Amino acid sequence: MEPGYYAEMDPAKRAMLLTALYMAQEQYGYLSREAMERVGRRLGMSPREVYNTATFYSMFRTEPVGRYLIQVCEGLSCHLAGGAEDLVAHLEDRLGISAGQMTGDGRFSLQMVQCLAACGSSPAMRINDTLYTNLTLGQVDTILQDLEGRP
Amino acid sequence: MTFEPVLLRRTSLPRSDSIDVYLANDGYAALARALRDYAPGELIGLVKASKLRGRGGAGFPAGLKWGFMPQSDGPKYLCVNTDEGEPGTFKDRELVEKDPHQIIEGAIIAAYAVGAERAFVYIRGEFFQGIKSWIKAIADAYARGFLGQNILGSGYDLEMSVHRGAGAYICGEETAMISSLEGRRGEPRLKPPYPAEKGYWGQPTLVHNVETLANIPHIVNHGAEWFASIGTEKSTGPKIFCVSGHVYRRGVYEFPLGISLRELLYEHAGGVPGGKAIKAVIPGGASTPPLTADQLDITLDFESLEGAGSALGTGAIIVLDEDTCMVDVARRSARFFAHESCGRCTPCRVGTQRAVDVLEAIEAGRGVPEDLDRLEALCHGISGNTFCPMGDAVVSAIGGTLVRFRDEFEEHISQGGCAAPA
Ligand SMILES: Cc1cc2nc3c(=O)[nH]c(=O)nc-3n(C[C@H](O)[C@H](O)[C@H](O)COP(=O)(O)O)c2cc1C
Ligand code: SF4
Ligand code: FES
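Chain order of the listed sequences is A and B.
Under my numbering, the first residue of the first sequence carries the number 174, and numbering increases by one thereafter.
Under my numbering, the first residue of the second sequence carries the number -7, and numbering increases by one thereafter.
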């Protein structure tokens, strides 16, 4: 190992980076430049280094997303279960956006994601912290109606 | 075959995730026994004798890996791999959400055997429920004296903490996981040195999959001979299979290694909807080459699947019926790998993206005969030329499908697209 590799900074501090990024993302909604600078100051890292690490991980966002982030699994098992594509098409239709976009009012974002480890009860999708499985189009409508009714 | 489940024995009990239910069902008895009756070296001997092999995909003998951990006094670590990103796999999530103490107990015993002072649980960022389960279970284990200082009066101390990944499949690879735990980009490191030699912050680190660790309490409770009597000679013990795709009863099934694929699919999983025939079965997650319909009598163990040119992988079995388009299957795998390539080496980063482009063209009816040679050349260029084993996974998935279903690819090209029913 190169000399200084481990001594480059306090190990325990740097190991906090992912946790700190999650906290900042929760507070700001996404990792703005300012949020990353703050994290860097706390952990003694340059903003560039924080940015470089954060952008490696798909769950860290450098752009705002809707209040409800809808992520539909495009994995093989969900496709085979029938409906993963229909699900997305239906959501696109209902929300008036394409996968990868956010509604104008900032309420919904729609994304396609890889296997959610719910293949035994596919098709599956996630909205924020909740996993929905064995989905039908009817259920998707109910879920959306419920979310639309919330503040 | 009827088989009394071992690892999933408790998961159907109400509140199976609670420490009280665990304690009422033999929980932590193995830990007490291990700390009281075994020196660390004896536990390593026990696990070697059980012939337990890792359940995270590579199937490396667990006892051997424990033996690689140096006996020196410096800090040593254990990493509990809960990253479960291999498409088709959903067993670790089940274990964590429904019986987390079984994993914790196995982890404490493993840590004690190799002299680790800290255990890190690395969990996939998307497993919201699993993260909660882990945090609660670890707190409860601390409260009852199974973690922390002087565990059960043995003089052994172990701290355990949960670390959340953030959406990168590659972080399931052990060296990438260690990079991520250190707060870095989750890029793999060259092996050797193996983590057992230089892992977390350069210290010896034992990395295990959740299911591997769940087996440990049972080996301590019932003995290595009992464990080795389950399964085949080279693939011992119970295994959780994740069955998905075109079958009636999708879900997790626990059987001894060596159960026949046909039995698992037809007797237990209820066969294929609509009475359709099976075209192919992916036996071990998206990284393993598909088996063809004439291979359904194969037994599910490390050696038989390897002999058939595939692999047991994570035990994630994806069933594809006669109407499935194999070009589409390859295209989806390619998309997955292109998305998840960490970008560190060119053959994987560029090769997977090119494969996606070629496969999308073929699927859309824009393929030309030379495309198949191009795909083969791409696989050839990736094979053996990448920094981590993900390159091999790409070749297994894409190349493995092309080799076995080449006629279907050719048909797509000659007929200008997919003839399979949508
Ligand atoms: C690309 C890639 C992804 C991997 N993902 C996982 C994973 O999600 N979970 C896991 O336990 N092992 C995964 N592994 C295997 C680990 O590197 C390692 O072998 C395993 O955690 C060791 O545990 P075991 O011996 O108990 O199987 C992956 C390997 C590679 C190459
Ligand atoms: S093979 Fe792929 S995943 Fe592995 S290091 Fe290279 S680019 Fe990263
Ligand atoms: S393929 Fe969708 S959850 Fe696994």
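Honestly, I wouldn't trust all of these hints.
[As the list claims (entries may be wrong)] DSS-like cross-link-like pairs, simulated, lysine-lysine; straight-line CA separation at most 30 Å: (1) B/Lys43 <-> B/Lys226; (2) B/Lys43 <-> B/Lys183; (3) A/Lys186 <-> B/Lys128; (4) A/Lys186 <-> B/Lys190; (5) A/Lys186 <-> B/Lys183.
Don't read these hints as lab results, they were simulated from the structure.
The structure displayed is predicted, hence computed values, not measured ones.
Against the structure, the hints:
| no. | hint | result |
| --- | --- | --- |
| 1 | B/Lys43 <-> B/Lys226 | holds, 7 Å |
| 2 | B/Lys43 <-> B/Lys183 | holds, 24 Å |
| 3 | A/Lys186 <-> B/Lys128 | holds, 24 Å |
| 4 | A/Lys186 <-> B/Lys190 | holds, 20 Å |
| 5 | A/Lys186 <-> B/Lys183 | holds, 26 Å |
Going down the numbered hints, you'll see the structure goes against none, and every one checks out.
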